[in-house]
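For the protein sequence lines, the chains are A and B, in the order given. Just so we're aligned: 123 in our numbering is position 123 of the first sequence, and the numbers increase by one with no gaps anywhere. Just so we're aligned: 113 in our numbering is position 113 of the second sequence, and the numbers increase by one with no gaps anywhere.
These are calculated hints, taken from the structure and not from any lab test. Please read all numbers here as calculations on a predicted model, not as lab measurements. Certain hints may be false.
Where chains are identical, the list cannot tell them apart; a pair therefore holds if satisfied intra-copy or between any two copies.
[Stated by the list, open to error] Below, computed lysine-lysine pairings styled on BS3-like, alpha-carbon distance capped at 27 Å:
hint: 1; residue 1: Lys104; residue 2: Lys125
hint: 2; residue 1: Lys31; residue 2: Lys104
hint: 3; residue 1: Lys85; residue 2: Lys101
hint: 4; residue 1: Lys31; residue 2: Lys85
hint: 5; residue 1: Lys111; residue 2: Lys31
hint: 6; residue 1: Lys7; residue 2: Lys90
hint: 7; residue 1: Lys101; residue 2: Lys125
Protein chains: 2
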Amino acid sequence: MEFSEGKNIYVQIRDRLVDQILTGMLLPGDKIPSVRELAVDLEVNRNTVMRSYALMEQEGIVDNRRGIGFFVSSNARQRLTQEEKEIFLKQELPRLVHQAKVLKMLPADFKDLFDQLNENQNENKQ
Amino acid sequence: MEFSEGKNIYVQIRDRLVDQILTGMLLPGDKIPSVRELAVDLEVNRNTVMRSYALMEQEGIVDNRRGIGFFVSSNARQRLTQEEKEIFLKQELPRLVHQAKVLKMLPADFKDLFDQLNENQNENKQ
DNA sequence: TTTACTGTCCTAGTTAATTAGGACAGTAAC
DNA sequence: GTTACTGTCCTAATTAACTAGGACAGTAAA
Numbered sequence: 001m002e003f004s005e006g007k008n009i010y011v012q013i014r015d016r017l018v019d020q021i022l023t024g025m026l027l028p029g030d031k032i033p034s035v036r037e038l039a040v041d042l043e044v045n046r047n048t049v050m051r052s053y054a055l056m057e058q059e060g061i062v063d064n065r066r067g068i069g070f071f072v073s074s075n076a077r078q079r080l081t082q083e084e085k086e087i088f089l090k091q092e093l094p095r096l097v098h099q100a101k102v103l104k105m106l107p108a109d110f111k112d113l114f115d116q117l118n119e120n121q122n123e124n125k126q
Numbered sequence: 001m002e003f004s005e006g007k008n009i010y011v012q013i014r015d016r017l018v019d020q021i022l023t024g025m026l027l028p029g030d031k032i033p034s035v036r037e038l039a040v041d042l043e044v045n046r047n048t049v050m051r052s053y054a055l056m057e058q059e060g061i062v063d064n065r066r067g068i069g070f071f072v073s074s075n076a077r078q079r080l081t082q083e084e085k086e087i088f089l090k091q092e093l094p095r096l097v098h099q100a101k102v103l104k105m106l107p108a109d110f111k112d113l114f115d116q117l118n119e120n121q122n123e124n125k126q
C-alpha cells in the first residue's frame, strides 16, 4: 500500500478499513485480517497495525476476541456513518465553504459532487 | 495559535499565510512578518517558521531579500489560486464524492456550500 | 498434547518534526 | 561606524511515529 505523507500510517490503515466497512466490503461479524497478516500485506510493522486496531476498538467499530482475532462490531456501520458525517459537517464542510469562497469556485467545479448527491437522493426515494 | 495534530506545524503556518494572501489580507509586495517576529507570535521556534517560509519561497509565493525580509510575490495570488484549485479538483473532490456516496449524504447536507457557490456566480456576473 | 494460529507485551533502534539558542552576515538608518 | 533590524547556519536535545523482532499467553483443531 502506498501511504501518503502528512498523515500517520496507522490512521491511514484505519481509514482504509473504515472505508471497507462503509462500502459493505466488510460486514458486521466479519473477521478482519489478523494483525500479523495485514502487517505483511501492507509491508508495515505488527505494532503499527496493532495501533490501528486499538484505535478502531476504542471507536467501537471492531470487537476483539483474544486468541481469535478482531471482528467488525454489529453496529459499526451505523456508528461510523454518524461519526464521520458529524466530523464532515462540523470540520470539513466549513473549511470547504471557505475554500470555495477564496478560490472563487463555481457550481460547475462541483458537478461530480452534485451528480453523486442527486443519485443518493433518487435511491432514497425508491 | 492552536495547531491541530496530524498535520505538521510548519505546513499549518504556511496554510495560514496562504489563506491571508487569498483573502487579500496580504497583498502582493507586502512584507510578511519576520521569521523571529512570527515565531514569538505563534509561540514556535524560529527554525519552524523558517521552514514554512522556505516552503513558500519554493512555491514561488514569497520573495526573499536577505537582511530585509520576505515579501508576497507579485503573482502569488494567481499562482496560488491555480495551484490550490488543481489540488482540490484532483485530490480532494474525488475523495469528497466517494465520501458523499458511502455516507449517503444528500443535497441538503451541502446547503452552505451551494449558497457560497451561487454567491460566487452572482458576483461573477456583475 | 502438540501444532498453528491468534493477540499482547517488551526492549531497542531509526527517523522526522520540533525545540533551544548561539553565532554570523546582509541592510538601512542614525 | 554603531545600532537594530533582517535571514542563515550550526549543534544539541526531545518527542512521536515507525521499525524490528523476541517472548509469552489464549484458542481451537488434529
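Which hint numbers does the structure go against, in order from smallest to largest?
Violated hint: only 5; rest satisfied.
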